[in-house]
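Enquirer: Sequence:
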Amino acid sequence: MTHEPRIDADDGASPRSLGARAGTAAIWSFAGFGASQSIRLASNLILTRLLFPEAFGLMAIAGVLMQGLMLFSDIGIGPSIIQNEKGEDRRFLETAFTMQVLRGVVLTLLSTLLAWPFARFYDEPRLFAIVVVVGASSLVQGFNSTKVFTVGRRLDLKRLTLLELASQILGAAAMIAWALVSPTYWALAAGGLVTPLAKMVLGHVAIPGLRDGFGWHPPSARALASFGRWIFVSTVMTFFAGQSDRLIFAKLVPLELLGVYSTAAMLAMMPPTLFGVIERRVVFPVYSTVHREGRPLAPAFLRLRGAFLAGGGVLCAALIACGPALIELLYDDRYREAGWMVQALTLGTWLNLLEMTYGAAHLATGRAQWVAAASFAKVAGIVAGVVIGHRLAGFVGAVLGFSLSEAARYAVLAVGGRRMGLPGLGQDLLYTGWIGATALAGHWAGAEAKARGLGGVLPLALILTPIALGWAPILLRTLAPALDRIRAGGRG
Numbered sequence: 084m085t086h087e088p089r090i091d092a093d094d095g096a097s098p099r100s101l102g103a104r105a106g107t108a109a110i111w112s113f114a115g116f117g118a119s120q121s122i123r124l125a126s127n128l129i130l131t132r133l134l135f136p137e138a139f140g141l142m143a144i145a146g147v148l149m150q151g152l153m154l155f156s157d158i159g160i161g162p163s164i165i166q167n168e169k170g171e172d173r174r175f176l177e178t179a180f181t182m183q184v185l186r187g188v189v190l191t192l193l194s195t196l197l198a199w200p201f202a203r204f205y206d207e208p209r210l211f212a213i214v215v216v217v218g219a220s221s222l223v224q225g226f227n228s229t230k231v232f233t234v235g236r237r238l239d240l241k242r243l244t245l246l247e248l249a250s251q252i253l254g255a256a257a258m259i260a261w262a263l264v265s266p267t268y269w270a271l272a273a274g275g276l277v278t279p280l281a282k283m284v285l286g287h288v289a290i291p292g293l294r295d296g297f298g299w300h301p302p303s304a305r306a307l308a309s310f311g312r313w314i315f316v317s318t319v320m321t322f323f324a325g326q327s328d329r330l331i332f333a334k335l336v337p338l339e340l341l342g343v344y345s346t347a348a349m350l351a352m353m354p355p356t357l358f359g360v361i362e363r364r365v366v367f368p369v370y371s372t373v374h375r376e377g378r379p380l381a382p383a384f385l386r387l388r389g390a391f392l393a394g395g396g397v398l399c400a401a402l403i404a405c406g407p408a409l410i411e412l413l414y415d416d417r418y419r420e421a422g423w424m425v426q427a428l429t430l431g432t433w434l435n436l437l438e439m440t441y442g443a444a445h446l447a448t449g450r451a452q453w454v455a456a457a458s459f460a461k462v463a464g465i466v467a468g469v470v471i472g473h474r475l476a477g478f479v480g481a482v483l484g485f486s487l488s489e490a491a492r493y494a495v496l497a498v499g500g501r502r503m504g505l506p507g508l509g510q511d512l513l514y515t516g517w518i519g520a521t522a523l524a525g526h527w528a529g530a531e532a533k534a535r536g537l538g539g540v541l542p543l544a545l546i547l548t549p550i551a552l553g554w555a556p557i558l559l560r561t562l563a564p565a566l567d568r569i570r571a572g573g574r575g
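Under the working numbering, the first residue of the sequence shown carries the number 84, and numbering increases by one thereafter.
Hints were generated in silico from the structure; no laboratory data involved. C-beta: ideal position from N, C-alpha, C; glycine also. It cannot be assumed that every hint is accurate.
Claimed, not checked - Ranges of calculated distance between the beta carbons of each label pair, as one might list FRET restraints:
| id | residue 1 | residue 2 | range |
| --- | --- | --- | --- |
| 1 | Leu193 | Pro266 | 26 to 34 Å |
| 2 | Arg417 | Ala308 | 45 to 53 Å |
| 3 | Leu128 | Trp299 | 42 to 50 Å |
| 4 | Asp415 | Arg378 | 51 to 59 Å |
| 5 | Val288 | Ala118 | 43 to 51 Å |
Can you build the whole structure from these sequences, using the hints too?
Expert: What follows is the structure, given as structure tokens:
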């Protein structure tokens with residue numbers, strides 16, 4: 084008879100099984116993501132009517148630089164707190180907080196220094212002031228509380244989810260209020276400062292735990308640096324892998340089309356954004372706990388992955404089938420081209436979901452070099468895919484080439500997973516085939532609706548119906564055991 088690992092509840096209550104805690108954390112993550120995306124979509128719909136697409140293009144370019152700096156300096160402080168056995172020791176946390184603040188100061192200085200040459204490179208003087216202002220968010224984030232990582236380590240996500248939603252609401256309100264008074268790109272920049280500021284303040288005052296302070300414990304610093312060196316390499320490659328589309332396309336197309344592309348990318352990134360949260364806050368902590376306790380990882384890997392891919396698969400099938408109809412319903416004619424972009428980008432989204440659980444397993448077992456190698460492979464795939472795609476089919480081919488380059492990263496992580504004894508290829512083939520079948524059925528339903536002259540939300544509903552019917556049995560089969568564990572855990 085096998086037993087699940089157990090974690091002591093942090094509130095002094097009786098211990099609950101790891102499966103129950105993971106299930107509860109997943110529910111909070113899903114609920115938080117749904118609320119977060121609703122806020123994001125609602126604010127985006129309002130802002131696209133108050134601002135010109137050019138404003139979104141400018142912020143997309145500035146965002147690339149800022150995200151690049153963040154990734155180039157990432158030493159894995161959060162994952163280290165979750166993965167390390169000393170992750171809740173005061174000296175370890177004080178050292179992590181000190182390193183985090185120093186990183187924020189350095190990032191703010193670097194963004195200020197790079198603002199002018201960055202603006203000159205894109206021949207856009209307005210980028211100088213935007214980058215300087217947005218760069219201040221790095222300093223704010225440097226003072227984030229380490230308590231946001233310790234609650235993640237315990238899979239206690241209720242407070243963290245509510246904190247992030249409150250921060251996002253405040254940021255969205257700031258953007259909309261600014262845009263109503265002065266409809267310029269500065270409205271978007273305002274949200275880029277208000278959201279992290281609110282999260283930083285709330286993290287210190289709204290989450291219980293050890294109060295953050297400055298300190299330096301050499302053994303803790305060495306542990307953080309040792310785990311973080313491959314995280315650093317990986318995130319450097321992740322920057323090129325994840326943001327190179329905007330860097331490259333900004334030189335190929337006008338700002339208006341780049342703004343349309345950014346809107347499509349936002350929709351196509353919804354599944355990996357959601358499941359990236361699940362991977363970081365549920366899958367990785369669970370794998371880390373199983374590994375720390377010396378238990379075999381393969382059973383937990385397959386059990387979690389089945390539910391993970393079922394949830395991601397239905398979202399990807401829906402986006403592939405209804406991308407153009409969704410854009411037509413939500414946006415005006417200026418954004419019509421975003422429809423095919425959503426479909427093309429979602430192909431890469433699915434590959435990204437396939438590899439996430441492999442990456443979490445590598446990190447949890449200290450094999451971060453595989454994650455770095457996979458990101459390097461993705462960069463090489465982008466170069467080949469975008470160049471070949473652009474030569475064959477212009478911008479359409481470049482977008483498709485960028486999307487399919489995700490296959491290179493997946494291949495590396497899948498090979499590494501197989502060497503760890505993690506069998507996932509059968510799941511990958513099964514779910515990929517079912518995405519294709521249900522998306523095709525949805526596309527056919529949409530074509531029939533269009534041929535009959537149906538409008539409004541009706542075509543979208545008809546597209547989603549065969550997808551929902553096709554995935555419902557799979558979702559019920561994979562999620563039922565998790566719900567049983569939650570109920571069992573809730574009974575103590």
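Enquirer: Does each hint fit the structure? Answer for all of them.
Expert: Against the structure, the hints:
Taken as a hint, the range 26 to 34 Å holds for the pair Leu193 and Pro266, whose Cβ atoms sit roughly 31 Å apart. Taken as a hint, the range 45 to 53 Å holds for the pair Arg417 and Ala308, whose Cβ atoms sit roughly 48 Å apart. In this structure the supplied range 42 to 50 Å holds for Leu128 paired with Trp299, their Cβ-Cβ distance being about 47 Å. At roughly 54 Å, the beta-carbon separation of Asp415 and Arg378 lies within the given 51 to 59 Å, and the hint holds.
Our hint of 43 to 51 Å for Val288 and Ala118 is violated, since their Cβ atoms are close to 21 Å apart.
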